[in-house]
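Number of protein chains: 2
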Amino acid sequence: MTTRRGTLYGIGVGPGDPELLTLKAHRLITTTRVIAYPAPDTGESFARSIVSQWLDADKHEIAITIPMRVERFPAKDVYDQAAIDIASHLESDEDVVVLCEGDPFFYGSFMYLFERLAASHTCEIVPGVSSLMASAAAAGRPLAARNDVLSVVAGPSEDATIAHYLKQGDAIAIIKVGRHLARLRGLIEKAGLLDRAIYLERVTLGEQKVMPLAQVGADAAPYFSMILIYRGAESWIDNLPIAGDEM
Amino acid sequence: MTTRRGTLYGIGVGPGDPELLTLKAHRLITTTRVIAYPAPDTGESFARSIVSQWLDADKHEIAITIPMRVERFPAKDVYDQAAIDIASHLESDEDVVVLCEGDPFFYGSFMYLFERLAASHTCEIVPGVSSLMASAAAAGRPLAARNDVLSVVAGPSEDATIAHYLKQGDAIAIIKVGRHLARLRGLIEKAGLLDRAIYLERVTLGEQKVMPLAQVGADAAPYFSMILIYRGAESWIDNLPIAGDEM
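Top to bottom, those sequences are chains A and B.
Going by numbering that gives the first Met the number 0, the first sequence opens with residue 0, and the numbers climb by one from there.
Going by numbering that gives the first Met the number 0, the second sequence opens with residue 0, and the numbers climb by one from there.
It is worth saying that the hints were derived from the structure and are not from the lab.
Hints may be right or wrong, so weigh each one.
Same chains, same label: a pair holds when it works inside one copy or across any pair of copies.
[Said to hold, decoys possible] Taking lysine-lysine pairs in the DSBU-like style, the calculated list, with each CA pair at most 35 angstroms apart, reads:
no. : residue 1 : residue 2
1   : Lys75     : Lys58
2   : Lys75     : Lys175
3   : Lys189    : Lys208
4   : Lys189    : Lys175
None of the values given here were measured: they were computed from a predicted structure.
Can you make the complete structure from the sequences, with help from the hints?
Structure, rendered in structure tokens:
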């Protein structure tokens, strides 16, 4: 005898604009009762805020509260407990949707739940619009074309790693800029690429910022910020105005 | 006096499943009369096929027919003519939607139209779900996490370029595999990564294939195929079953 158990859906909700949800994400969010999402220990869950218009009072919400302190991340106990909560719904034949900022498998925290639940439960990933593609759209410049090489590196990486990737390929995306902004800017300047770097934050949202990195004054940026570096761009791309560029 | 002119929308329609369109793409496609898309010189347009259920008889369709011969790509004359056709609608105050497989600015041919029209017309990019994220979802393995480095290289690149990126970082995505499959497989094997490579084709479509690269027999693959290489994967990822793996 087999019992159908609930399905765990890891759902990408895109970079911020609710209209960048996929039709599939929208369908699953509106038709599933149990909705889980990461939340900071103070303030609102960004993933939840993107879809809040579709979360009516009938939903059962599971906020996975992650302490936003660098040294504690990933917070093992929090994910252990969240996995137990989610599993109890799945084992009662209820589907569970986990909301993931951007795409679930592109630098997302969903992997910590997936790691704990994928072996024992049916799991489906619904890919979403990544901040990487949304940033290129906001910058108004193709990210990669033809046989370009694109590398994605994380802002907290060591200087040597950042410098290494700045020396090769055609486009480099630095994600998770946050408190590393001043250091990253220094490394990009040292690599002679400051005039080829675009800074973006909160893309697709009302407060979106897009500007040449050279014009960015602040020393720290929001966690959801990115630097795109067009290393080997063709001249017609260089000549495009940058969205938001005041010059 | 300023005249409002039409807006050119470069719209990502995702990797193939129509349900992976964004709500925004769906809205713009259903409310815009003039719809352009790339089409092969024989057979159906893949981008059009994804949204065909929403293209009623009232639409004015512009098929941009690209000869599928390697040596002629990009087909300058074809894009020159398409840009003239599209511009004539924009200048008549009509919006034009250009359908783009995946995401418009991630290795897409939309850049050839963007290059010709962005300086003279209002242009908005609507990012879409990329085949990169859809492939990771189909493989059932996180693409990148924490401070991983992800590099994207194109299958037609030279051996030395492919080999260079196989030696570094955490995840490598090889796109546009197509007729380069046997050569790429040889390079991956030489780098000692054959058992860490997953082959995917036509992800999110009915005929989707996902399998360990080591089990792929064919020497050529469809143009829309990808190899994901998890170079430095953690052991729990290595132990996951690959979706579609028969072993």
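Verification of the supplied hints:
| no. | hint | verdict |
| --- | --- | --- |
| 1 | Lys75 - Lys58 | within (26 angstroms within a copy, 53 angstroms between copies) |
| 2 | Lys75 - Lys175 | within (21 angstroms within a copy, 38 angstroms between copies) |
| 3 | Lys189 - Lys208 | within (24 angstroms within a copy, 44 angstroms between copies) |
| 4 | Lys189 - Lys175 | both (20 angstroms within a copy, 34 angstroms between copies) |
In summary, the structure agrees with every hint in the numbered list given earlier.
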